[in-house]
Amino acid sequence: AKEKAEKSDRLKSEFLAQMSHEIRTPINTILSFNSLLREELEDKVSEDLRTSFRTIENGGRRLIRTIDLILNMSQLQTGSYDLNIREFDILNDILENIYLEFKNFADNKNLKLDLICKTNLTRIDGDYFTIVQIFSNLIDNAIKYTNEGSVEIIIYLNSASELCIDVKDTGIGISEEFMPRLFTPFTQEESGYTRTYEGNGLGLALVKKYAEMNNIEIIVNSKKDRGSTFTVKFCKSLN
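Residue 1 is where the sequence shown starts when you use the numbering used here, and the numbers rise one by one after that.
These aren't lab readings, by the way, just hints derived from the structure by calculation. Computed from a predicted structure; not experimentally measured. You may find that some hints are simply not true.
To be verified - Derived BS3-like pairs: lysine-lysine, alpha-carbon spacing no greater than 25 Å straight-line:
(1) LYS109 - LYS224
(2) LYS224 - LYS236
(3) LYS4 - LYS44
(4) LYS236 - LYS168
(5) LYS118 - LYS236
Said to hold, decoys possible - Here are the computed distance ranges between Cβ atoms for each label pair:
(6) VAL220 - ALA160: 17 to 23 Å
(7) GLN77 - ARG123: 28 to 34 Å
(8) THR187 - LEU71: 18 to 24 Å
(9) LEU121 - ASN97: 17 to 23 Å
(10) ARG86 - ILE30: 30 to 36 Å
(11) GLU217 - ASP82: 22 to 28 Å
(12) THR229 - ASN120: 18 to 24 Å
C-beta atoms are modelled at their ideal positions from N, C-alpha and C, and glycine is treated no differently.
Using the sequences and the hints given, assemble the complete structure.
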C-alpha cells in the first residue's frame, strides 16, 4: 500500500510538472512578443492600446504564478521538495530582485513601492527558493489588495537582534473574523463569482508552510479598510 501511494504521488508530481511546462512555454512566448510589440509601438499607439499591452502582461504573469502555486503545493503535499539550506544576503540576493520584478505591477496601479533597509546585517541561512516564494507571495498580495497609497518593504533588526522584514500596505485589510483562517489553503475572505479580487487562496498557505520549513515566524497586524503589515521574523539572533 505504501509503495502504491508513493507511486501515485510520484505520477501526480510528474504530471503537474509536465503540465506546468506545457502551459508555461506558450505563455512565455505570448509575453515575449507582447513586450516586443509594446516597445516597438510605444510612441505610435493610443493610451487604450498601451493599457491593453499591460493587461496582457499582468494576465500572463498571473497565470504563471497560479501554475507555480499549484505545483509548489503539490510538492509539499507529496513530500517531494528537498530543502537546500545555505547562506545568502536577503537584501542583495532576494529583495532587490523581487522589488524590481513587482515595480511595474505597482506602477500600473499608481502605487508607490518602497524598499527600505535599516540594518547592514542582512545575511541569513535558509532555503533560497522557499524564501523567495514567501516574499513574492506577500508582496504580490500587498499590491493586489491595495487600490491607492503605498506598499513598503522594511528590513530591520528587532530588540532581540532578530532580522525582520515588514511588508506593509495601505490596502483593504483583513477582518478579525477571517484572521483565524488566513493561512488555510483555498480560502479567501471574499469568495464566489461576485468577489472583487482575483486569486486561488494558495499563496498564504504556502507562505506559512515555507516559513515553518525555514524557522521563520509570520506575524500579521491588520485592520479592515486600513491596511496590513506582514512581519517575516527570522528566529535567530544576528548579534
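Ascending list of hint numbers which this structure does not respect: 2, 3
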